[in-house]
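K.L.:
Sequence:
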Amino acid sequence: MKQLLLSLLLVFGFANILLAQEYITPDLGETYTLDDLVIETPATMSVSGTTYTLIDDLTISATDTFLIDSDATLKIGADIRITVLGTFSVDSDAVTFTAIDPATPYDGFRFEEFSEINIQNSTIEYGGGLRVLTETFTINNCLITNNVAGVATGSVIALSRGMAQITNNTISFNDTPAISSGATNEVSPYIFNNYIEGNNQANANRPQINMGITLVDDPIQIIQNTIIGDRSLDQAGGIGLSNFFGGVINAVIEDNIIRDNRYGIAILGDDVSANVTNNIIEDNDTQGNPNLGGSGISLNATSEGNIVVASGNSIRRNLWGITLQGESSINLGDDIDNVGQNVFSENGNGGFTYALFNNTDNAITALHNCWDEANAPITLADAEAVISHQNDNATLGLVTFDPVDCGFLSVEDLALVDITIYPNPTSGQVILDNNKSFKQMNVYSIDGKLMLQKTLQIGTNEMNLDLNSGMYVLELNGDNTKAVKKLIVK
Numbered sequence: 018m019k020q021l022l023l024s025l026l027l028v029f030g031f032a033n034i035l036l037a038q039e040y041i042t043p044d045l046g047e048t049y050t051l052d053d054l055v056i057e058t059p060a061t062m063s064v065s066g067t068t069y070t071l072i073d074d075l076t077i078s079a080t081d082t083f084l085i086d087s088d089a090t091l092k093i094g095a096d097i098r099i100t101v102l103g104t105f106s107v108d109s110d111a112v113t114f115t116a117i118d119p120a121t122p123y124d125g126f127r128f129e130e131f132s133e134i135n136i137q138n139s140t141i142e143y144g145g146g147l148r149v150l151t152e153t154f155t156i157n158n159c160l161i162t163n164n165v166a167g168v169a170t171g172s173v174i175a176l177s178r179g180m181a182q183i184t185n186n187t188i189s190f191n192d193t194p195a196i197s198s199g200a201t202n203e204v205s206p207y208i209f210n211n212y213i214e215g216n217n218q219a220n221a222n223r224p225q226i227n228m229g230i231t232l233v234d235d236p237i238q239i240i241q242n243t244i245i246g247d248r249s250l251d252q253a254g255g256i257g258l259s260n261f262f263g264g265v266i267n268a269v270i271e272d273n274i275i276r277d278n279r280y281g282i283a284i285l286g287d288d289v290s291a292n293v294t295n296n297i298i299e300d301n302d303t304q305g306n307p308n309l310g311g312s313g314i315s316l317n318a319t320s321e322g323n324i325v326v327a328s329g330n331s332i333r334r335n336l337w338g339i340t341l342q343g344e345s346s347i348n349l350g351d352d353i354d355n356v357g358q359n360v361f362s363e364n365g366n367g368g369f370t371y372a373l374f375n376n377t378d379n380a381i382t383a384l385h386n387c388w389d390e391a392n393a394p395i396t397l398a399d400a401e402a403v404i405s406h407q408n409d410n411a412t413l414g415l416v417t418f419d420p421v422d423c424g425f426l427s428v429e430d431l432a433l434v435d436i437t438i439y440p441n442p443t444s445g446q447v448i449l450d451n452n453k454s455f456k457q458m459n460v461y462s463i464d465g466k467l468m469l470q471k472t473l474q475i476g477t478n479e480m481n482l483d484l485n486s487g488m489y490v491l492e493l494n495g496d497n498t499k500a501v502k503k504l505i506v507k
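Numbers given in our numbering equal positions in the sequence shown, counted from 1, plus 17.
Be aware that one or more of the hints could be misleading.
[Stated by the list, open to error] Think about it this way: if two alpha-carbon atoms lie no more than 30 angstroms apart in a straight line, the pair counts; the simulated DSSO-like pairs of lysine-lysine are:
#1 K456 - K471
#2 K507 - K471
#3 K456 - K503
#4 K507 - K456
#5 K466 - K502
#6 K466 - K503
#7 K499 - K471
#8 K453 - K471
#9 K456 - K499
#10 K507 - K453
#11 K453 - K466
#12 K471 - K502
#13 K471 - K503
#14 K466 - K499
#15 K92 - K499
#16 K466 - K456
#17 K502 - K453
#18 K453 - K503
#19 K453 - K499
#20 K466 - K507
#21 K502 - K456
[Unchecked claim] Between beta-carbon pairs, the in silico distance windows are:
#22 T319 - I41: 46 to 54 angstroms
#23 E39 - D450: 28 to 36 angstroms
#24 F261 - T121: 34 to 42 angstroms
#25 T319 - D450: 44 to 52 angstroms
#26 I436 - T121: 40 to 48 angstroms
#27 K456 - N135: 41 to 49 angstroms
#28 D110 - V55: 20 to 28 angstroms
#29 T477 - G368: 51 to 59 angstroms
#30 D354 - P440: 47 to 55 angstroms
#31 R334 - L45: 55 to 63 angstroms
#32 D351 - T155: 35 to 43 angstroms
#33 N135 - G465: 20 to 28 angstroms
Quick caveat, the hints were computed from the structure, so don't treat them as lab data. Glycine is no exception: its CB is placed at the ideal position from the N, C-alpha and C atoms.
Generate coordinates for the entire structure from the input sequences, incorporating the hints supplied.
P.N.:
Structure representation (C-alpha cells):
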C-alpha cells in the first residue's frame, strides 16, 4: 500500500510539473518574435492567423529581446504573467494583449529593473496591469482598459523608479487607478496628453494619478492630460501627490482638464515645490461631502516651507475652490513672478461660495485673480465674500487679494464658459451645446492632419463624425473667437 501511495504521489507530482510549465528564453542575446516563440515553445505559445495564444508564464531573459513589429493579437491565459528582464519592444500599427477569457484575467506584465521597455500603438486589456521596476519605460498611443489588480496592484501602470514616458494614451475604466508610484520610490514620469477616465472602478480611496515622492532635480510632469471621473464613484480623486515618509515632491502640473472626480488636485506633505498652471478643474464633487473632500486644489502640510505657485487655473463648480490646511501655503499671484489670473466660479457647499479657504495661520498672496467669474466684473467686496481668512476668523492667516481682476478673460474664455461637447468619449455621435459664437469646427488628428470640417449653428449642434478610434483635436472658430477642445472616439 505504501508503495502504491508513493507511485500515485509521483504521478500527480509529475502532472503538476507539466501543468506549471514556464518558458524562459535562453539568455543568449537573441531576438524573439511571436512566431519564434511558437517554434521554440509550442507547449506555451500557439498561433492561428495573426492571433497568438499564451498558456504558460513567459520570461524574457536579461540579454534577450521580445519584438512584436507586425499587427497581432496575443491572447493570454488566466493568471499567466509575462516577465521581462531584457528588452520588450512593441512597434506596429495595432497590437492587442487580451485575456483568453475576459472573465478570468491574465496576471499582467512585470518589467524588471534594467529591462528596456517600449510599447507603441497597443491595446492592453483584461489583465493585471504593468508592474514597472525599470527606469527605461515608454508607452505611447495605447489603449489600456478593463484591467484588474494583478501583478500591479497600486494602479494599472505602477512605477518604481526613474522618468517613465507615458504619452498619448487612453487609460480608462480599470479597477485600479491609472498611474501610481510607491510612497518611498523616487519617480518623476513625463505624463503627457493622455485621456484618463473612470479608473479606480474598485472605488478605493485613491486618485486616478496617485504619486509619491519624486526625483530631487527632475520634476514629475503632468501636462495636457484629460482626467475624467466616473460620477458613480465617490472615492476616486483626480491627481494626488503625497510625501509622508521623507524625500521631496518636485512637480509641474500644467494644461490639464480635471473633471467629475472626488477632488481635483491634492498635494499632501512637506518639502514640496510645485507649479500648477493653466488647468481646468471643474465639477469635482462626486462624494458630495464637504467635510471629506471636493476641493479643486487641496494642500496640506505639517511644516512650513512648501513652495506651490498657481496661475491661470480655471476652478469651477467644486465643493471648494482651493483649501489650505495645516502649514500649507500657496502663491496665487504677486507683482513679481506670478501673474495670478486664476478664475473661480460657483465653488461652494451648504449654500455658501468658497473660492479660497485659508484654514491656516499663513499669510497668502493672491493678486490679480477673478474670484467670481459668473458675476464679472467684480469688486473687492465681491472677492471678500468668497474668501475665508483672517477677516472671517482672527486665528487664520490673511489673504491679500487686492487688486482683483477679471479683465484678462478673453472673448474665447467667455465663449467657452457654457459650451459643452458630449458624449466624450463617443462612438461618433456628438452634441455641441450652448454655442454662442463659434461658426466652424475643424477636426484634426493628434499629429495635426485635418480630418473633417463642420459648419456650426448658434445653440445646439448634433453631428455624426465618421472617424476611426483615437484622440482628436477640435478647433472651434468664430468671427473673433477661437478655442480648442479634445475628443476621444472609441
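K.L.:
Are the hints correct? Go through all of them and say.
P.N.:
Going through the hints against the structure:
1. K456 - K471: 9 angstroms, holds
2. K507 - K471: Distance of about 20 angstroms is within 30 angstroms: holds.
3. K456 - K503: 18 angstroms, holds
4. K507 - K456: 26 angstroms, holds
5. K466 - K502: Given pair K466, K502 holds - Cα atoms ~15 angstroms apart, limit 30 angstroms.
6. K466 - K503: 14 angstroms, holds
7. K499 - K471: 15 angstroms, holds
8. K453 - K471: 16 angstroms, holds
9. K456 - K499: The hint holds at about 10 angstroms.
10. K507 - K453: Holds - the C-alpha atoms of K453 and K507 are around 28 angstroms apart, at most 30 angstroms.
11. K453 - K466: Status holds; Cα separation ~27 angstroms.
12. K471 - K502: Distance ~15 angstroms between K471 and K502 Cα, so the pair holds.
13. K471 - K503: With Cα atoms ~15 angstroms apart, K471 and K503 stay inside 30 angstroms; holds.
14. K466 - K499: 18 angstroms, holds
15. K92 - K499: Since the Cα atoms of K92 and K499 sit roughly 45 angstroms apart, the hinted pair is violated (cutoff 30 angstroms).
16. K466 - K456: Roughly 20 angstroms separates the two Cα atoms, so the pair holds.
17. K502 - K453: 16 angstroms, holds
18. K453 - K503: 19 angstroms, holds
19. K453 - K499: Since the Cα atoms of K453 and K499 sit roughly 12 angstroms apart, the hinted pair holds (cutoff 30 angstroms).
20. K466 - K507: 19 angstroms, holds
21. K502 - K456: Roughly 15 angstroms between the alpha carbons, so the hint for K502 and K456 holds.
22. T319 - I41: 46 to 54 angstroms: Holds, since T319 and I41 (Cβ atoms, about 48 angstroms apart) stay within the stated range.
23. E39 - D450: 28 to 36 angstroms: 55 angstroms, violated
24. F261 - T121: 34 to 42 angstroms: 36 angstroms, holds
25. T319 - D450: 44 to 52 angstroms: Roughly 45 angstroms apart at Cβ, these two residues keep to the hinted range, so it holds.
26. I436 - T121: 40 to 48 angstroms: 44 angstroms, holds
27. K456 - N135: 41 to 49 angstroms: Hint holds: Cβ distance 43 angstroms, inside 41 to 49 angstroms.
28. D110 - V55: 20 to 28 angstroms: 21 angstroms, holds
29. T477 - G368: 51 to 59 angstroms: For G368 against T477, whose Cβ atoms are near 31 angstroms apart, the range 51 to 59 angstroms is violated.
30. D354 - P440: 47 to 55 angstroms: 41 angstroms, violated
31. R334 - L45: 55 to 63 angstroms: Because 60 angstroms falls inside the window, the suggested range holds.
32. D351 - T155: 35 to 43 angstroms: Holds, at about 38 angstroms.
33. N135 - G465: 20 to 28 angstroms: 23 angstroms, holds
In the structure shown, a violation is registered for the earlier hints numbered 15, 23, 29 and 30, in ascending order.
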